[in-house]
Structure formats: structure tokens, C-alpha cells
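*Asks:* Chain by chain, the residues:
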Amino acid sequence: DVKVTQSSRYLVKRTGEKVFLECVQDMDHENMFWYRQDPGLGLRLIYFSYDVKMKEKGDIPEGYSVSREKKERFSLILESASTNQTSMYLCASSLNKGGKDQPQHFGDGTRLSIL
Amino acid sequence: QKEVEQDPGPLSVPEGAIVSLNCTYSNSAFQYFMWYRQYSRKGPELLMYTYSSGNKEDGRFTAQVDKSSKYISLFIRDSQPSDSATYLCAMIIGGYNKLIFGAGTRLAVHP
Chain A
1 DVKVTQSSRY LVKRTGEKVF LECVQDMDHE NMFWYRQDPG LGLRLIYFSY
51 DVKMKEKGDI PEGYSVSREK KERFSLILES ASTNQTSMYL CASSLNKGGK
101 DQPQHFGDGT RLSIL
Chain U
1 QKEVEQDPGP LSVPEGAIVS LNCTYSNSAF QYFMWYRQYS RKGPELLMYT
51 YSSGNKEDGR FTAQVDKSSK YISLFIRDSQ PSDSATYLCA MIIGGYNKLI
101 FGAGTRLAVH P
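Going down the list, the sequences are from chains A and U. Mapping of the first sequence onto my numbering: position 113 corresponds to residue 113, and the numbering continues sequentially without gaps. Mapping of the second sequence onto my numbering: position 12 corresponds to residue 12, and the numbering continues sequentially without gaps.
Don't take every hint at face value.
[Stated by the list, open to error] Simulated pairs of lysine-lysine, DSBU-like, Cα-Cα distance not exceeding 35 angstroms:
id, chain 1, residue 1, chain 2, residue 2
1, U, K56, A, K13
2, A, K18, A, K53
3, U, K56, U, K70
4, A, K18, A, K70
5, A, K18, U, K56
6, U, K70, A, K70
7, A, K18, U, K67
8, A, K18, U, K70
9, A, K53, U, K2
10, U, K42, U, K56
11, A, K71, U, K2
12, A, K53, U, K98
13, A, K3, U, K2
14, A, K70, U, K67
15, U, K42, A, K3
16, A, K18, A, K57
17, U, K98, A, K13
18, A, K3, U, K56
19, A, K13, U, K67
20, A, K3, A, K18
21, U, K70, A, K3
If you're looking for bench data, these hints aren't it; they were derived computationally from the structure.
Using the sequences provided together with the hints, build the complete structure.
*Replies:* Below, the structure is given as C-alpha cells:
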């Protein structure tokens, strides 16, 4: 079974802090993704990565950055946290299987509150 | 118009009922279709994955895709209280691996 592990289930931070959310997958997947999920807005893609040291902006990258130094680990960084970044953050990974898109597998999420 | 439309519910059914969950989409380029189940305070869990029109069955779950009508469905037979969750449809344009999600339908199965 695919295991995507997010380092924290719940996190409380203050406005202006730099926040790191960590995600690790154990299935040697090439692709990794960060989403946020908000009531009424659904899941929105923040950033994704197809390979180590590679990143692509998703639909809502403003205020975020990412880091992928190792294949199994994908970090989301809130450069200067703001209250509108209070949300559920979900990490996902998927396999590159030439020519056929593979489904994404999700972690259990980090519920982040910015005070 | 959203690319993927899904009725948010809530949908409330008695235990043992057949549940039908649906999504419509507007982009004919979508090729791969998924259903995820999400329990409260957990991440989405993959239930079904298909890339062709027709039916795919897995236990009590059947996924149906009609590309000509741009319509996908998930059927749950003999529904159980443990099926109470939010069900998200998702789809991908081939080669991009960027999932487009529906809003999710909240399902409650009562004993």
C-alpha cells in the first residue's frame, strides 16, 4: 500500500512566521503535489513536482514555495504566514507510468491555523 | 461554468440502500476518472480509477463512465453506516497528471 505521511496533523502558528509542512512518500513515486482544501472551494493545487529539484506552480502558488531535495520528500513553505492561509493542507504522490496517468494517493492532511 | 460539476448534497439514505453519486464535466479531453472517499479529518482515499467508458466493479462499488454524455457515476450497493463520508470525483487530461476535482458529495447512511 502507498503511504504518504505528513509530519503534523495539527499546527498552530502566528502571523508572519515562516512555516514548513513536510511530506514523505514510501513508494518511489516521481510526482508529488500540495493542495489546500477549504469549505466551499474544494481542493486547489498549490505546487507540484515531477522530479527532484523540479517544481511547477499550480493554481494558487502565491505566498507559498516548495522544496524537493530528495525523491521521497516534498516540503511546502509559507514564507510569511497570514490568516488567510488557515486551511487543511494535503500532500499527494503518484507514479509516472509512461503514457498512462496514474491516480494520486493522499496523506491525511495537516490542519494549519494561523493566529 | 466549472469544469467538473458535482452536487454537494448532503445525501441521506437508510442502511442497505443503493446510492448513486454523479459528476458531469465539460472538457472532452478528460481521459482518466477517479472516485475518492474522504472521512472527516482525513485525506482522500482512492476508491476507483478508470480510463475508459463503461463499468468497473469492485466489491460493493461500481464506477460508470459515459464519455459521450460527459457523465460519471459511482454506485454503492448495500450501503453501510461506515460508507458515510464525502465522495469526490476527479479527472485528468491525459499526459498532464493534474487532477480536477468535483466539489464532493456528503453522504450519510443511517442505521
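*Asks:* Identify every previously stated hint that the structure contradicts and give their numbers, smallest first.
*Replies:* 1, 5, 6, 7, 8, 14, 19
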